[in-house]
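Read top to bottom, the protein sequences are chains P and G.
Under numbering that gives the first Met the number 0, the final residue of the first sequence carries the number 312; numbering is consecutive throughout.
Under numbering that gives the first Met the number 0, the final residue of the second sequence carries the number 422; numbering is consecutive throughout.
Source of the hints: derived by calculation from the structure; they are not laboratory data.
A quick note: this is a predicted structure, and the numbers were derived from the prediction, not measured.
Don't be surprised by glycine CBs; every beta carbon is placed ideally from N, CA and C.
Treat the hints with care, since some could be wrong.
Estimated spans, in silico, between C-beta atoms of each pair [unchecked claim]:
id, chain 1, residue 1, chain 2, residue 2, range
1, G, PRO231, P, LEU4, 56 to 66 Å
2, P, ARG19, G, VAL173, 52 to 62 Å
3, P, GLY126, G, GLY46, 38 to 48 Å
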Amino acid sequence: MAYDLKKEVSKKDRLAGGHRLCAGCGAGITVRAVLRALDAEDKAVITNATSCLEVSTFMYPYTAYEDSYIHSAFENAAATTSGVEAAYKVLKRKGKVKENFKFITFGGDGGTYDIGLQSLSGALERGHDMVYVCYDNEAYMNTGIQRSSSTPRFADATTSPAGNDLPGKIQNKKDLTLIVAAHGVPYAAQTTLFGNMKDLHEKARKAIYTKGANFLNVLSPCPRGWGYNSEDLALMCKLAVETCVWPMYEIEDGVWRLTYEPKKKLPVEEFLSKQGRFSHMFKPGNEWTIEATQKYVDQKWDELLKRCGDSEK
Amino acid sequence: MAIRDRKSGNAAVAYAMKQINPDVVGAFPITPSTEIPEYFSKYVADGQVDTEFIAVESEHSAMSTCIGASAAGARAMTATSSAGLAYMWELLYVAASSRLPITMAVVNRALTGPININNDHSDSMGARDSGWIQIYAETNQEVYDNFIQAVIISERCRIPIMVCQDGFITSHGVSNIELIEDEKVKEFVGEYEPENYLLKAENPLAVGPYGTSPYYMEIKREQAQAMKDSMPVILDVAKKFESMTGRKYRFFEEYMMDDADVALVVMGSSAGTGKEAVDRLRAEGKKVGLIKLRVFRPFPRRPLAAAMCKVKAVAIMDKAESFSNSGGPLFNEARSSLYDLPDKPYAVNYIYGLGGRDIRVEDFYDIYKDLYVICENDDPGDVYRYLGVRDSRYTTEEQRMMEEEYKPGAARSYGMDKQAYEV
Chain P
0 MAYDLKKEVS KKDRLAGGHR LCAGCGAGIT VRAVLRALDA EDKAVITNAT
50 SCLEVSTFMY PYTAYEDSYI HSAFENAAAT TSGVEAAYKV LKRKGKVKEN
100 FKFITFGGDG GTYDIGLQSL SGALERGHDM VYVCYDNEAY MNTGIQRSSS
150 TPRFADATTS PAGNDLPGKI QNKKDLTLIV AAHGVPYAAQ TTLFGNMKDL
200 HEKARKAIYT KGANFLNVLS PCPRGWGYNS EDLALMCKLA VETCVWPMYE
250 IEDGVWRLTY EPKKKLPVEE FLSKQGRFSH MFKPGNEWTI EATQKYVDQK
300 WDELLKRCGD SEK
Chain G
0 MAIRDRKSGN AAVAYAMKQI NPDVVGAFPI TPSTEIPEYF SKYVADGQVD
50 TEFIAVESEH SAMSTCIGAS AAGARAMTAT SSAGLAYMWE LLYVAASSRL
100 PITMAVVNRA LTGPININND HSDSMGARDS GWIQIYAETN QEVYDNFIQA
150 VIISERCRIP IMVCQDGFIT SHGVSNIELI EDEKVKEFVG EYEPENYLLK
200 AENPLAVGPY GTSPYYMEIK REQAQAMKDS MPVILDVAKK FESMTGRKYR
250 FFEEYMMDDA DVALVVMGSS AGTGKEAVDR LRAEGKKVGL IKLRVFRPFP
300 RRPLAAAMCK VKAVAIMDKA ESFSNSGGPL FNEARSSLYD LPDKPYAVNY
350 IYGLGGRDIR VEDFYDIYKD LYVICENDDP GDVYRYLGVR DSRYTTEEQR
400 MMEEEYKPGA ARSYGMDKQA YEV
C-alpha cells in the first residue's frame, strides 16, 4: 500500500500530546512516527532508556503512552525489552496472553552508543523479536548537552567545550549503525525526520514486522543542544541528509541499500553554519576544521557507497 | 512420600527452580553460583520446564531481563554471587521500587578488593538497603526449602527476594536432602497471577516513572510498609510449609537458648559449626546458646531482641565488614534492637570468616569464653572485635586517649587492641 502522509497522521496517536518535550525537539516526532508504523490492531510494549524522552513522557502519575510502557534505567533498555519479549513468548505459549504484541525500545544516543551499548549488543546477539530505536541527538541532552560518542567532531558540548586550545570535541562520531550491522541482525537502518517521513515510516514498518532484533538509528535534532530555532527542525534533518552528514540507508539480511541519494551533495558548511554548536568553526583561523569535516564526511560517504555497491554486485 | 537424595546447595536450588517451573530465567555465570544456571539450562534443553532461559551478557542484564519479564507478568528468577550482585546494584532498587516479585538465589561470596572467590556475606550485606527481602540458610536443605517458600513470599508481598546460601560451603558441599514431590511444590507455589502487568491487553500499564518530589517519598514509604507487612506473610508461608513437610522455619532459630547464660547470633552455614561448639560446651556443663538468624530483611527486631534478652552477654557475628568503625551490619541492627529494653545483655561484635577464612569449633569456644569474661567483669570492653585474623593494627595511644575523652563513665576500653583477641 502506497504511503500517504495525510492518512498516516490522521491515525490515532499512540504518543499523546501534552508531554513535556521542548518545542522543536526531534525525539517526540521520532517516537510518534515509529509508533504510527504499527498496525492499529497490534498491541505494543514500549521500553525507554532514561533520557529526555523518558522524563518528559512518563512523569508520575501521567503517561503519554497509549500502550504499555516500561522504563528501568539508563543503560539497560535492550535487556529490559529482552525480558518483556521472553515473558511474552512463554505467556503466549501457555495461552495466558492471546493478543499480538510488538516490542519497541527507545533510547537516546547516550543510552545507546555509550552506556547502553553492552545491553544492546547482548540483545541483538540473542535475537529477541524487538526493535531498538536510537533517537540520536548527538549529545547527552537530558543532563545538559555533554558530549557522547555520537557527538560529531568539533561540536561544542559542555564536556567538550570549544576553547582557545581545543576546537570542541576531538574525536569523530562513532558509527553505531555499522556496529549494529556487524551483529548480523535481520534489519538495520538509518533515517531521520525527512520530507514527508516516508523513509522513516517504511523503515519502521520493516523493523517492526521483520522477525528478530532490528535496529533504527534516527537522527533527531535537539534545538537546545544544537543551537537552532525550534521551527528549523525539519531544515536540520534535510541539511544533514543533503550534505551526506547523515546518510539514509538500510541493511536487510546483510544487503546494504542507499534509500536516498542527494541529487547534488551540498557542502558541509550548509549544515554546520545553521547551528550554534559549530559556530566557532567559522571563526578566522579555524577553516581547517571545516575542511577536516568535509574530508571525513566524504570518506564515510564513499565507504557507504562502496558497501551499497558491493551489495548490489 | 518425600524423596531422599543427596545434592549440593546449587543443585538443590536448580532442582527447586525446575519444580517451580518459572516463566523466565535470565542469568550470567559467576563463581560460585554458576552451577545454578548450568543445571537449569540443562532442564531447559531437555524440555523439562516451560521456561524461557535468557543467557545474558552480564548480571546487569540478568536483573534487567528479570525486571522486564516480571513487569510483563511472568514469574522471573535469577542467580548470582559477589561482583555479579554488585553489578546489579542499581537494578535491585528498580526491581524493589517497581514492586516486582523476582526471586534471586544469592550464593554468597566476598566482594572483590582483592579478588576472592570464597564465602563471606559482603555481597548481600552491600545490598541490604535495596528493598529486597533476604533469607539466609545454614544447610542445603534450608536453601532448598527457603527457595520454594521465597517465591510465594515475594509474590504475596510484591517485594523481590534474595535466597542466600554460603558459597562453596553449602553451594558445592553435597549433603543429604529431603526433596518434596513435584506436584506438592507445584500446588504450594501455585500460578503467578498478577493484577496488573504490561501484557494485559485490555489495560495497558506504565512501569518505572519519573518520580517527582511530591510522590517519591510516598513511594518509599509504601515500600517500607510492604517490608513491615511481609513479616506475618513470611511466618504464614513458613507455617504452611511446615504442615506440608514437617520442617519448621521462623525468623530465626533458637538453639539451647532456654537456660543459656551467653549466646551467639550468627547467619548461614557457620551456625552449624556454632551448634557443634554449643553441644560440646553443654556436655561440659556450660550453659551456652545460639541464635541463627534466617530472615535479615525484614529485620525481626522485636522477636530477636526478646531472644537475645534471655542471656547476659551475646556475641553478634558478622561475615562482612562495613568499615563504619563501629562494627558490622548485623551487629549494628541487632544491638540497636536491644536499646529500648530495660534489661538488656551485653552485646559485642565479631567480624569473622571474610573471604573464606575458616571458622572452627575452637573459634566458637573462644567467643563463648570471651562472653563469660564479659559477664564476670561486668564490662563488655571494646565491642568491635575481629576473630581469626593475624597481624592486625591496633588502637594507638592517641586514638585510645580520644576514646577516653568521649566516653561517659569509667575507662573500660581494651578493644581494638591485641588483648581483645587474646582473651
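To see whether the hints hold, each was checked on the structure:
1. G/PRO231 - P/LEU4: 56 to 66 Å: The hinted range 56 to 66 Å holds for G/PRO231 and P/LEU4, with Cβ atoms some 60 Å apart.
2. P/ARG19 - G/VAL173: 52 to 62 Å: Distance hint for P/ARG19, G/VAL173 holds at roughly 58 Å.
3. P/GLY126 - G/GLY46: 38 to 48 Å: The hinted range 38 to 48 Å is violated for P/GLY126 and G/GLY46, with Cβ atoms some 21 Å apart.
Hint check: a violation occurs at hint 3 only; the rest are consistent with the structure.
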